[in-house]
Structure formats: structure tokens, C-alpha cells
Amino acid sequence: MDFKFSEKEEMLRKAVREFAENELPPKMEAMEETGEFPMALLKPMAEVGITGIITPTEYGGVGMGYLARTIVLEELGRVCGAMPMAMQVHHMGCAAISDFGTDEQKEKYLTRLAQGETMGTVAVTDPAGGSDVIGMKATAELKGDKYILNGRKCFMTNSHTSDFWVVIAKTGEGAKGMSAFIVDKDAPGAKLGRKENKFGLRGANTGELAFDNCEVPKENLLGQEGGGLGVAIKTISETGRTGMAATALGILTATWEEAGKFASERVLYGKPISALQAIQFYMAEIYSQLEICRLLCYRASWMKDQGMRCDTETALAKYYTCESAVNAAKKAIEIHGSYGIMKEYAVQRLFRDAMVTVPAGGTAEIAKVVLARAALTPFKK
Amino acid sequence: MNRIIVCVKPVPDPRHWDKVTMDPATMTLKREGIPSILNPLDKHALEAALTIRESRGGEVVSLTMAPPFVDSILREGLAMGADRAVLLSDPAFAGSDTLATALILAAGCKWIGEFDLVLCGNLSIDGSTAQICSQLGELLDLPSVMHVIGLEWLDNDRAIITQRIEHGRVRMEAASPIVVSVLKELNKPRYIPFTGILEAESKELKVISNQDLKIDPGLIGLNGSPTKMAGLEVRRFERKRERVEGSIDEIVQALADKIHQYGII
Numbered sequence: 001m002d003f004k005f006s007e008k009e010e011m012l013r014k015a016v017r018e019f020a021e022n023e024l025p026p027k028m029e030a031m032e033e034t035g036e037f038p039m040a041l042l043k044p045m046a047e048v049g050i051t052g053i054i055t056p057t058e059y060g061g062v063g064m065g066y067l068a069r070t071i072v073l074e075e076l077g078r079v080c081g082a083m084p085m086a087m088q089v090h091h092m093g094c095a096a097i098s099d100f101g102t103d104e105q106k107e108k109y110l111t112r113l114a115q116g117e118t119m120g121t122v123a124v125t126d127p128a129g130g131s132d133v134i135g136m137k138a139t140a141e142l143k144g145d146k147y148i149l150n151g152r153k154c155f156m157t158n159s160h161t162s163d164f165w166v167v168i169a170k171t172g173e174g175a176k177g178m179s180a181f182i183v184d185k186d187a188p189g190a191k192l193g194r195k196e197n198k199f200g201l202r203g204a205n206t207g208e209l210a211f212d213n214c215e216v217p218k219e220n221l222l223g224q225e226g227g228g229l230g231v232a233i234k235t236i237s238e239t240g241r242t243g244m245a246a247t248a249l250g251i252l253t254a255t256w257e258e259a260g261k262f263a264s265e266r267v268l269y270g271k272p273i274s275a276l277q278a279i280q281f282y283m284a285e286i287y288s289q290l291e292i293c294r295l296l297c298y299r300a301s302w303m304k305d306q307g308m309r310c311d312t313e314t315a316l317a318k319y320y321t322c323e324s325a326v327n328a329a330k331k332a333i334e335i336h337g338s339y340g341i342m343k344e345y346a347v348q349r350l351f352r353d354a355m356v357t358v359p360a361g362g363t364a365e366i367a368k369v370v371l372a373r374a375a376l377t378p379f380k381k
Numbered sequence: 001m002n003r004i005i006v007c008v009k010p011v012p013d014p015r016h017w018d019k020v021t022m023d024p025a026t027m028t029l030k031r032e033g034i035p036s037i038l039n040p041l042d043k044h045a046l047e048a049a050l051t052i053r054e055s056r057g058g059e060v061v062s063l064t065m066a067p068p069f070v071d072s073i074l075r076e077g078l079a080m081g082a083d084r085a086v087l088l089s090d091p092a093f094a095g096s097d098t099l100a101t102a103l104i105l106a107a108g109c110k111w112i113g114e115f116d117l118v119l120c121g122n123l124s125i126d127g128s129t130a131q132i133c134s135q136l137g138e139l140l141d142l143p144s145v146m147h148v149i150g151l152e153w154l155d156n157d158r159a160i161i162t163q164r165i166e167h168g169r170v171r172m173e174a175a176s177p178i179v180v181s182v183l184k185e186l187n188k189p190r191y192i193p194f195t196g197i198l199e200a201e202s203k204e205l206k207v208i209s210n211q212d213l214k215i216d217p218g219l220i221g222l223n224g225s226p227t228k229m230a231g232l233e234v235r236r237f238e239r240k241r242e243r244v245e246g247s248i249d250e251i252v253q254a255l256a257d258k259i260h261q262y263g264i265i
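Here the protein sequences line up with chains A and B, keeping their order.
Counted from 1, the first sequence has number 168 at position 168 by this note's numbering; the numbering is strictly sequential.
Counted from 1, the second sequence has number 21 at position 21 by this note's numbering; the numbering is strictly sequential.
Simulated from the structure, these hints should not be mistaken for laboratory data.
On a predicted model such as this, the values are computed, not experimentally measured, just so you know.
Check the hints yourself; a few may be wrong.
Subject to a maximum C-alpha distance of 25 Å in a straight line, what follows is the list of computed DSS-like cross-link-like pairs (lysine-lysine) [to be verified]:
| id | chain 1 | residue 1 | chain 2 | residue 2 |
| --- | --- | --- | --- | --- |
| 1 | A | Lys-43 | B | Lys-188 |
| 2 | B | Lys-240 | A | Lys-271 |
| 3 | B | Lys-206 | A | Lys-14 |
| 4 | B | Lys-203 | A | Lys-14 |
| 5 | B | Lys-206 | A | Lys-8 |
| 6 | B | Lys-19 | A | Lys-271 |
| 7 | B | Lys-203 | A | Lys-4 |
| 8 | B | Lys-30 | A | Lys-14 |
| 9 | B | Lys-188 | A | Lys-14 |
| 10 | A | Lys-14 | B | Lys-184 |
| 11 | B | Lys-184 | A | Lys-43 |
| 12 | A | Lys-261 | B | Lys-19 |
| 13 | A | Lys-14 | B | Lys-19 |
| 14 | A | Lys-218 | A | Lys-108 |
| 15 | B | Lys-188 | A | Lys-27 |
| 16 | B | Lys-203 | A | Lys-8 |
Chain A residues, not near chain B, derived (Cβ > 10 Å throughout) [as the list claims (entries may be wrong)]:
| id | residue |
| --- | --- |
| 17 | Thr-34 |
| 18 | Gly-35 |
| 19 | Thr-111 |
| 20 | Gly-226 |
| 21 | Gly-260 |
| 22 | Ala-278 |
| 23 | Lys-343 |
| 24 | Glu-344 |
| 25 | Val-369 |
Even glycine gets a Cβ: it sits at the ideal position worked out from N, Cα and C.
Given the sequences, and given the hints that come with them, work out the whole structure.
Okay, here's the thing in C-alpha cells:
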């Protein structure tokens, strides 16, 4: 086994860190206050290669794969958690079209995503669905050369910042009765709903879509009719979970840095509080969780790059890293004492941001269902 | 435009400066184990070269004198967009002052071949001497311009240069080849594009020793450097403390004397 990053991966980390440290902080106050994603950063991120990190070069991306993407998202998240949240969902939009799209769809839509002309997203959850994907109510019915979509989608990252969405809707009943579509935001009957007011990851836009007899050309069916659940599951479990895990990993890294810095600077009883064993134990716990999560996240994305089945590993990385980010941020706030709950200190934002990663991209309970399967299958009689 | 040479220097990362120590014997920085970065102003020089190449064509070669362990830093310059890198590395170069370094870099420029422009950062953040540009100009027998904040390359191989001076700026026209050192106001260096990282792997990074350059060993390295360090003093920033003992009256009197002695009142 080789746990060392290549020179190329090290340089990638350094390059993203420089970009993130220079470009994100000036935008963060407005992101926190308004809850808006800074669209002006989309083009610079595309020029560096962030938007097209997993997209093949023939469609305008850089095709560096999932381990590289994890490094990129982690480094963005180390500075501003909302940025990798928005980017990872953007990558989900890219992956869905890249994995299931026709050449024409890739040419028309994927290139625009990779080059940062707009943002990507995948709309699975509707008010009646969520973890119960099959329970969704949104429908699509083929009439002539168009599908007619009806229903609503909610809790969608990048809903209002995308020019088109990958939408899952029912074309029949059961697991094989769902289909995926690329829906232009200007399609007749497509409407933007409310923007959500989240307490964390505020700079990543989350909102609602409504389809009222929305007309979608037949050629915008993504994959086969009836193959929508496959599109949703592959995109969420591979791209979405590795992305949410990497987002949480970035938050966790920032948490460790903020806690360590504060513990070394804050003086009580005549010495830095890092000399107190109680604080040292907190730091040891944060550090352990960070190191464990790094290994889980890198392994899951490496397996995806190798073309290995990785649903268990991505679920494990997502579940454990998001939970750890919350636990670590809570400890970091405790290290800070009352300072930790003041808006001037980053740890309160890290706690809010970490908490939002828990239900996003598949709840902890859904991840545990996947993990329980892996844990019990060898003993099945 | 045929070729631009950009002198780039790996310097200790300022985030680790608290770990940098001096070698008391040679009175030079001990760099081993300290992460390096590309000297920030050299990135501006590289950006200027890449911008000229985009409009006028030609080749951008990065040139460095450094120990051999700086490979990954030079790859960063290649990832930013330099076409190839030349590293001048030889134990005989160790301890060179700015004059000896300029002599080695000038030999490096000549070894690379013909060029139209040599660019460097105005100064490095470790030594901060800001002497290389002028010395290179003298040793290559070329005009040199420092403190450059504007550089426009014309299609007749002449350049319009804006130089910052103490209370204003000077605009001048120069014929190539020239040596120029730049300030940060010149441009905003591009971020390393990910495609550049992929391409950098296959770009040439050639290591050259004094066997290739054949400089008189008496002119380079610690012995060939006319700059001699007179001494080395570690500055300590500590509060001066003094404990005054005795009865309350004695302590108060002693305190009053000290206040008077140090001119506080």
C-alpha cells in the first residue's frame, strides 16, 4: 500500500489552497449575510479547472478524477464550506450527464458545466420523497415528442444558479418507473420556487423548483426511460457522497486549525491552554477524527477512480466524516469557551456548516442502512 | 520574440520562518527541512513572460540556481506555463553571494543560448538584496531596468517599459535583449491551472553543473564571494525584568529611581 500523494497531487493541493485562500475570504461575509452564491467566482474557478475536475477533456474538463476532486473540495472547504457544497453538487450534474448522456447532450450541456458557464445540479428530492426516493410524486408523461413534467423538487443545491437541471420524475410505477431529464430553466412550465434560508453553508444556494405542465423535449431524456433510479443512485452514492464527505473534511481541517491556533494563543493560569490536559485530549480527539476521515475520504474516491464498486466506502466516508465534523466543531467551540459562540470566531460557522452536511446528500441513517448491509452480509444464513 | 529567460528562486515559505536557522560557521541560512515556495515577485516575472509569449510567441525558460532538492518548486513554474526549466546546481555554487550568483546565472543564460529578455523579481523575500538584475545586466553586457511596473512588448522587438521611481514613474523604450526586474504592481500572476499540473510532468527540467558552465571556481561559492559576513547576532525580543527586594519604602524608592533613570517621567 502506498499512502503517499504523488507530486502532481501535492501540487494540486498547493494550487487550490492558494486560490482558496486568496479568492474566497473577500466573498465570505456577503455569502453569510445574503445566502447567495458568488457567481463572479465561477469563471475563475473554471479557468483553474475546479468546475471541470472530473469532466473528460473532450468536453472541456480536465479529467483528473475523484481523488483529485476530493483534494480540491477539501481545500475549498478548509476556507469556506459553502463553496465545496455548491461545487460538489455542480459535479453531480456533470457526472449524471457524463455517465448517462448522449454525445449530443454532453456537447450541449456538459461542456457548459465544465467551463463554468453555469452550474450543475441533480433534483431528486421532492416534498413526498427524500430518503424514500420511490415515494416521489413528480411525474413525467410522454405526449408526442415531449415529456410533460408536473410536481415539485425541494432542498436542491444550485437550484437558482443553474441554467438547466437534471430532474428525476416518475414515468411509471416502482423502481423501474422513474426517469431522468435535462430540463432547461426557460422550458415552458418550469418555475423557480423559494430560496431556502439555511443556518449553515449559507453561500451555497438551496431552493425549490416547480413544474406545471413543463414541456421537455423527448431528446432531453437522460439515459433510458425507466432508468432514472439508476441515474439518481449512481450519482448520489458515488459523486454526491464522496463530495459531501470531502466538503465535511475541509470543514474538519479548518476546525482542527482554528482549535489548535486558539489553544496555543489563549493564556489561562499563566500559560497557553494547550498545556492543560483537558484541552490536549480535546485536540487529540479532533486530530484523530481528522486523520481517520482523511483516510476514509481518500480511499473512497481512489476506489471510484479505479472503477471499483465503492457504495459501502462512499457511505462510510460520508457518514463518518460529516458526523466527525460536527463532533469536532462542538469540541472546538468548547476549547474556545464563550469566544466560540461569538460571530467573530470561525468555529461557530464551522459548527453550523458541519451540521448542514449531515442530512445533505443522503442522511446518516440511509448511510447506515448501506453499512449495515455490508456489516451483516457475511453472516447471512 | 524568440526566447524569454525568467530567473526564479525557491525561498523558505514565510509560514515556516520561525523554524529557519542560521549556520554559524558559514553564516548562511539553513534551508534543509523548511518547505520552499517560488519567490513571490518571481511569479510576477513569470506572468509577464507568459503574457508576452501569448501575444508574441517564443519560448519561456525558467532558470534557477539552487540545491537539487527544489525540483517540485521548479515544476510549479512549469505548471504555471514555462516551457522548460534549467536548474544550475553544484556543490561549488553553495554559499555564493549576489555577485557570484549573478555570475552563475549569467553563465546559465549564455548556456541556454540566444534570448530577447531576461526577467526576474525585483528582490527575493529571503535575502532582499535586489542586486541580481543590475549585476546580470553588467555581466551580460546588456541594459537593465529595475522596479518595473509596466512592460509592453512591441512587434519590432522593442519594449515600452514603465519604471517606478521614488516620486513618480519613468516610461522608456528599449531594444532587446534587455534584463528587467519587476514589482508586484506589474500584474496579477495566474493561478496554477490544473491542466498545467498535468503538462508539467512531461516538460523538460535540466540540471546543469559547473562542469557544463566552466566558471572559474575562484569566482563562485563561499570562497569566490566578495561579501563577507562580519558577524551573526540572534535578536531576542524579551522584556527586561528586574526584581526589587527590601522594605516597602526601599522598594518604592528603588522604583522611583528607576523611573527617573529610564526617563519615564
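To see whether the hints hold, each was checked on the structure:
| no. | hint | result |
| --- | --- | --- |
| 1 | Lys-43(A) x Lys-188(B) | holds (16 Å) |
| 2 | Lys-240(B) x Lys-271(A) | holds (19 Å) |
| 3 | Lys-206(B) x Lys-14(A) | holds (23 Å) |
| 4 | Lys-203(B) x Lys-14(A) | holds (19 Å) |
| 5 | Lys-206(B) x Lys-8(A) | holds (19 Å) |
| 6 | Lys-19(B) x Lys-271(A) | holds (22 Å) |
| 7 | Lys-203(B) x Lys-4(A) | holds (23 Å) |
| 8 | Lys-30(B) x Lys-14(A) | holds (23 Å) |
| 9 | Lys-188(B) x Lys-14(A) | holds (18 Å) |
| 10 | Lys-14(A) x Lys-184(B) | holds (21 Å) |
| 11 | Lys-184(B) x Lys-43(A) | holds (24 Å) |
| 12 | Lys-261(A) x Lys-19(B) | holds (17 Å) |
| 13 | Lys-14(A) x Lys-19(B) | holds (20 Å) |
| 14 | Lys-218(A) x Lys-108(A) | holds (15 Å) |
| 15 | Lys-188(B) x Lys-27(A) | holds (19 Å) |
| 16 | Lys-203(B) x Lys-8(A) | holds (13 Å) |
| 17 | Thr-34 | holds (26 Å) |
| 18 | Gly-35 | holds (27 Å) |
| 19 | Thr-111 | holds (15 Å) |
| 20 | Gly-226 | holds (37 Å) |
| 21 | Gly-260 | holds (14 Å) |
| 22 | Ala-278 | holds (27 Å) |
| 23 | Lys-343 | holds (27 Å) |
| 24 | Glu-344 | holds (23 Å) |
| 25 | Val-369 | holds (36 Å) |
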